[in-house]
Every structure is written in structure tokens, then in C-alpha cells.
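These are the residues of each chain, in order.
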Amino acid sequence: MNTHLKHALPAWTWFAGLTLVFVILYAPILSALVFSFSVDRFPSLDITRFSTKWYAQVFADARMLEALKNSLAIALSTALVATTLGFAAAYADFRFRFFGQRMVLALALLTPTVPIAVLSLAMLAFFSRIGLSGTVGSIIVAHVVVATPFAMAICRLRLEQLPREFETAAQNLGATPGQALRLIVLPHAAPAIGAAALIAFAVSLDEYAIAWFVGGLEQTVPVTVLNTLQGQVDPTIHVIGTLAFAATLSMVFAAQMLLLRSTKSHKNKEVSP
Amino acid sequence: MTQPLLELHNLNKSYGTFEAVKDIDLTVDTGEFLAIMGPSGCGKTTTLRMMAGLEEPTRGDIRLEGQQINDLPVWQRETPLVWQNLALFPYMTVRENVEFGLRMKKVPGPERQQRCAEWLERLGIAGFADRNVAKLSGGQRQRVALARSLVLQPKVLLLDEPLSALDAHMSIRMQGELKRLQRELGITFVYVTHSHSEAFSLADRVVIMNAGRIEQLGTPQDIFLRPKSRFVAQFVGGISLFSGMLKTTREGKVGIDSADGLLQIADPASVQTGTKCDLAVRADRINVTTQPGWGTNEVPCTLMSEEFAGAVVNLHLETAAGTGIVAQLQQRDLERLSARAGQQVYASWHPEDGVLLGVTALKAAA
Numbered sequence: 004m005n006t007h008l009k010h011a012l013p014a015w016t017w018f019a020g021l022t023l024v025f026v027i028l029y030a031p032i033l034s035a036l037v038f039s040f041s042v043d044r045f046p047s048l049d050i051t052r053f054s055t056k057w058y059a060q061v062f063a064d065a066r067m068l069e070a071l072k073n074s075l076a077i078a079l080s081t082a083l084v085a086t087t088l089g090f091a092a093a094y095a096d097f098r099f100r101f102f103g104q105r106m107v108l109a110l111a112l113l114t115p116t117v118p119i120a121v122l123s124l125a126m127l128a129f130f131s132r133i134g135l136s137g138t139v140g141s142i143i144v145a146h147v148v149v150a151t152p153f154a155m156a157i158c159r160l161r162l163e164q165l166p167r168e169f170e171t172a173a174q175n176l177g178a179t180p181g182q183a184l185r186l187i188v189l190p191h192a193a194p195a196i197g198a199a200a201l202i203a204f205a206v207s208l209d210e211y212a213i214a215w216f217v218g219g220l221e222q223t224v225p226v227t228v229l230n231t232l233q234g235q236v237d238p239t240i241h242v243i244g245t246l247a248f249a250a251t252l253s254m255v256f257a258a259q260m261l262l263l264r265s266t267k268s269h270k271n272k273e274v275s276p
Numbered sequence: 024m025t026q027p028l029l030e031l032h033n034l035n036k037s038y039g040t041f042e043a044v045k046d047i048d049l050t051v052d053t054g055e056f057l058a059i060m061g062p063s064g065c066g067k068t069t070t071l072r073m074m075a076g077l078e079e080p081t082r083g084d085i086r087l088e089g090q091q092i093n094d095l096p097v098w099q100r101e102t103p104l105v106w107q108n109l110a111l112f113p114y115m116t117v118r119e120n121v122e123f124g125l126r127m128k129k130v131p132g133p134e135r136q137q138r139c140a141e142w143l144e145r146l147g148i149a150g151f152a153d154r155n156v157a158k159l160s161g162g163q164r165q166r167v168a169l170a171r172s173l174v175l176q177p178k179v180l181l182l183d184e185p186l187s188a189l190d191a192h193m194s195i196r197m198q199g200e201l202k203r204l205q206r207e208l209g210i211t212f213v214y215v216t217h218s219h220s221e222a223f224s225l226a227d228r229v230v231i232m233n234a235g236r237i238e239q240l241g242t243p244q245d246i247f248l249r250p251k252s253r254f255v256a257q258f259v260g261g262i263s264l265f266s267g268m269l270k271t272t273r274e275g276k277v278g279i280d281s282a283d284g285l286l287q288i289a290d291p292a293s294v295q296t297g298t299k300c301d302l303a304v305r306a307d308r309i310n311v312t313t314q315p316g317w318g319t320n321e322v323p324c325t326l327m328s329e330e331f332a333g334a335v336v337n338l339h340l341e342t343a344a345g346t347g348i349v350a351q352l353q354q355r356d357l358e359r360l361s362a363r364a365g366q367q368v369y370a371s372w373h374p375e376d377g378v379l380l381g382v383t384a385l386k387a388a389a
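Going line by line, the protein sequences match chains A and B.
The first sequence begins at 4 in the working numbering and counts up by one.
The second sequence begins at 24 in the working numbering and counts up by one.
Next up, chain A with everything else stripped away, as it sits in the complex (with noise of 0.2 Å):
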């Protein structure tokens, strides 16, 4: 570590710095919170009371509680399989060597940088095609696109951590590739696998454009969240808002955690004499 070496500025510049990014970055989302409690039609800062009466109203809304049924179903299923598939994908480039291996992880890992307006409309195209479009199945699909290359990035950098030796060592002594898969791959995967799960159900229950496009008469949170501030402002919108802020924190938060402390115990191992 280079923590002995002075950096140019004072270190008062860089806390002030970094207290600025951090206020812009969060200031938006600490005044909806505030916002979320006061009892006033309009947010303005003099808060006649501070209430959860609007919390009340978004609990009561049978519209919006549909719209949470729809996007925690299709969180889920999305998190389920753009996990696997992405652990999948993963592990074949981790554990083979074939021809356009490059190719295909390039492919693979290409779908966030195509813009989402293209995506979504194709995806509409299509679905319209094959008489899928307008179902809570077409949100998933499209979900699953978008949220896989992230899933197969997390397990790739766990999987990479993970000595060739191991898998072979364990067959070695009469393990057969699946057993070695299991016993050996899948432990050491174990916190990649969970994060990769978090990260996609966040991404999934935030999306928007995608699931407004294919979506149809199936609506998610967002999309019911903006087709309410449509003509209206709405304070039911902070609630909404701080809600789904403070589970997608959780959620990248936790993903965060399991892999910080993969990779610290796999430091450790690397240390012990």
C-alpha cells in the first residue's frame, strides 16, 4: 500500500470534495425521503406536520399494490434466471477454451451498451412476432437480456480467483466433473452467485423503458410511478420513490458485502504460509 506517500492537495480539499459528490449525488433523494413524511400536498420546506399518511395511501392503492405484485414476480424470476444463465456463461469461459471464445464473451457481455430505446423497441417487434408481447413474460425475457451480462461479469471476476488445480485436483481423486462442479466450483462461486442474484433483482425491479415498451397492459412500479405523475403531482410519488431507493440500496449494499468478503477470506488463504 502506498498509504505513506503525500498527495499534492491538502487533505481537507479531498474530504471537502468528497462530501460535495456526495451531497449532489444524495441530496435528490434525502429531500424525497424528507418529502415523504410531511403531511403537505406540495413539497415546500416549512412541513405543516410530519405524517405517514401518504405511506397509508400507497398501501391502499390497489393499482400500485398490482404494480409491486407484477415487478416483485418479475425481480424474482429475473434474478433466477439471468443468474444461472450468467453463471453459466461464466464458467464455460472460465473452464474452456474454444474457438471465438473472445467473440462470444464479447457478445455476451454486450447487451448494456446497446441504447435502451433500440433495445426495447426491437424487443417489442419481436414479441409482437411471436404473440408474447403485452405479458408479464415478455418483462422477464427482456429483464433477463439486460441484467445477464451483469451476472455473468460478477461470477467471472469470482471465478477467475479460483485456482485451475482445484476442479482437476478433485477429479483426480474420483470426483466426476459434475460432483467437482458441486463440491468444489459451486462453494467457491457461493458469494459471486448471491451478489449476481441481488444485482439482477435490483436492476430488474428499477427498469423502466423496457418494461413500459413490452409491457402492454402489465404494468411494474416505475411504469405505474410514471404513468401516475402524468398530468398530477402526486406526494405518494416520495413514498414511492424512498422505498424503492432504500431496497435497491439494500440490495447492491448486501451484493457489495458477500463479495468484499469473498475476496478478503480468499486474501487471507493467499497469505497463510
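Think of the hints as simulated: they come from the structure by calculation, not from any bench.
Some hints could be false.
One side of the interface only, derived from the structure: several residues of chain A facing chain B at Cβ under 8 Å [claimed, not checked]:
| # | residue |
| --- | --- |
| 1 | Pro166 |
| 2 | Phe169 |
| 3 | Thr171 |
| 4 | Ala172 |
| 5 | Gln174 |
| 6 | Asn175 |
| 7 | Leu176 |
| 8 | Thr179 |
| 9 | Gln182 |
| 10 | Ile187 |
By construction, the Cβ of each residue, glycine as well, lies at the ideal position given by its N, Cα and C atoms.
With chain A's structure known, arrange chain B on it following the hints.
Relative to chain A, chain B alone:
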């Protein structure tokens, strides 16, 4: 008829156009300790990995007790390998590591536990049975790796530079233990290493490989005393090499006519006069004097440098013709010699200490 335990017939391995292993023929007997030695990239590890089934031979046969095992998948072979980096399974305790192979082979619980306990005891790691392998010292990890393989009671144990991760002191201790273990068990060991000291002190027979081929196969003494080729002589080290035509003088002396004059030899064996030969002289057989007139083969040279090696000192000399000579002297002989770098000295040796390279092979062929 006794059957060799492990046979390699005309074994070849190519990666694209690169031939890693070429036409290896080798038989390993039951209970033998065989070391395969060579510089890195010589194909020794590839050969070992083919025995374990981790690499598929491009051509040739591998037989275990007469059964061809080429096409047997890794997990059905009974050739456990001790890995260079040990490859102990993390997230598992010592006991779980040692029991792993038995579990895979579906050995029932009580027998499994008993065999595992027996081997933990035997290798002196019973006290750490429930510890995570990450929390062990190098020597302890080494023992776990051995126990994990030996608990399967294999006919042959393959070892791939198993001591390379240990410090010098621990490595020597483990060498002793390995040798003792191998004697007691009577299991065949095939041991790949790049270290002469390991190969020579452990093995019954040593294979020296170079560029994918077997350069020489023999007992450690054989290889040390009668290297077959320049490569072996240089690889084993501590040997000075001269080359020239074999010649018989009018007085009836036999020797090679080298750039450094006629170097006599005692036993020309089956080599014909006029053949180009390499002559090897071991460092400990060379005398160094400050005055001429000491012995038969005397070559004036310049003392280039001294290399301190404990009780002995290696002197690096160079003749007028540019031939490098290594002489090994006891510390007290060096004090008596009192020569400095750059000084003129004389290297000499008895004719019977010169070995013609490749002669053993010719004798055997005749």
C-alpha cells in the same frame, strides 16, 4: 513373470506444432522411486500429467499393470497426484480434504473415518484434523496433500515438484520423510523435479529429460559418474567438458586431442580412434596447483573466480583455448593453494577420472 507396474510406450504429446513430449518409452517397477528431472519446458510435467490422465497423449500408450488406460477418464483412474501448489481444497478442514477421495469412491462411513484417522496419524497431522487447511504451515499442508492421495491406497503416487513451495530447511526434512514413507509403504513414486539434490537423494532411478525426450535413464550414481551427453553433464553440473578426436600416440597412450592438448584417458572402451568425443571430468577430481609438474593431464589456466559453497569451494578456471574448468576444493586445500583471481594455475587429473560421454550406451549396444 513379473509385470512392470506402469509402462509408457512411444508416448507423444503435441500442442499444435509444438512437440512437448516425443517418443517416450519408460517402464516403472512396483515399489520403485523414479524421479523425472529436467529443465523447465522439457516435458517432465506433461509426461506426469499424461500418467494421471490430465492430458491426452497425441500418440502412444500408457499401461497400468498391463491394462491400457489411455482412454480412462481422470476420475476413474487410480493415479492420485500431489500438486505443485498442493491444491488443497479451501472451505474444507484437513479431515474433509483427506476424506474427499474416499467419499468420491463411495467408501462406507466407518471405514472411511478409520482410514482417514489412520493416515492423519501416520503423517502426524491428527492434531489438526478439524482445522481449516488455510490455517496450516507449509510442512503441515504438504502432509495433508500426501495423506489425501495416499489414503486412496494407490499403486502409484505421482508427485509434481511437491517440495518447491517449502523453504530449504523444510524441504530437506520432507525429503527424508518422503523416502521413509515410500520405503515403508512399498508404493511406487513417480516424482517430477528440477532439483538434482531431490532427484539424486530420493530416487532409485532418475530420468533426465530434455526437449521432450529422455536424455538418460539410470541410477543416480550412473548419471552422476557416467553422464551420457553434454546436456546431462551440464545439467548435473560440476563437470568440465573437453572435446576432440580420439587418438593413440606412438608411445601407446590413448586420449583425446583437444584444443588444450592431448588429454589421456584410461579406458577408451569401444570407441574407435578418430571418433570425435566429449570428455567429462568431475569437479572433485580436478587438482589445482600453482606449479606445473604434478600429474598426467595438466592444463595451464587462469583462475577466474571462487565460489564459496560451505565446506567446499568451486574454482572457475579458464584455459588458454577458452575452455571453462570447474574444480572443487576443500576449504583447507584452498588456503594451502593461496591463489588469487587472475593468477596462472595448473589443473590436472588422473586419466581414469576422465569419462567419455556416450560410452556406456555404446558398450551396452555392443
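So, Thr171 of chain A near chain B? Judge it on the closest CB pair being under 8 Å.
6 Å, holds
Restraint check, 8 Å cut-off on beta carbons, for Asn175 of chain A near chain B
5 Å, holds
Can you verify the interface hint for Gln174 of chain A: is its Cβ closer than 8 Å to any Cβ in chain B?
4 Å, holds
Is the hint on Ala172 of chain A kept, meaning its closest Cβ partner in chain B is under 8 Å away?
4 Å, holds
Can you verify the interface hint for Pro166 of chain A: is its Cβ closer than 8 Å to any Cβ in chain B?
Status holds, d = 7 Å.
Verify the interface restraint on Ile187 of chain A: the C-beta must sit less than 8 Å from at least one C-beta of chain B.
Nearest chain B Cβ about 6 Å off; hint holds.
Per the CB criterion, is Gln182 of chain A less than 8 Å away from chain B?
6 Å, holds
Would you check whether Phe169 of chain A satisfies its interface hint, that is, whether its CB is within less than 8 Å of any CB in chain B?
Holds - the Cβ of Phe169 of chain A comes within 8 Å of chain B, reaching about 6 Å at its closest.
Please verify that hint: Thr179 of chain A, Cβ, nearest Cβ of chain B, below 8 Å or not.
5 Å, holds
Is the hint on Leu176 of chain A kept, meaning its closest Cβ partner in chain B is under 8 Å away?
This interface hint holds because 4 Å falls under the 8 Å limit.
Consistency note: the structure conflicts with none of the earlier hints.
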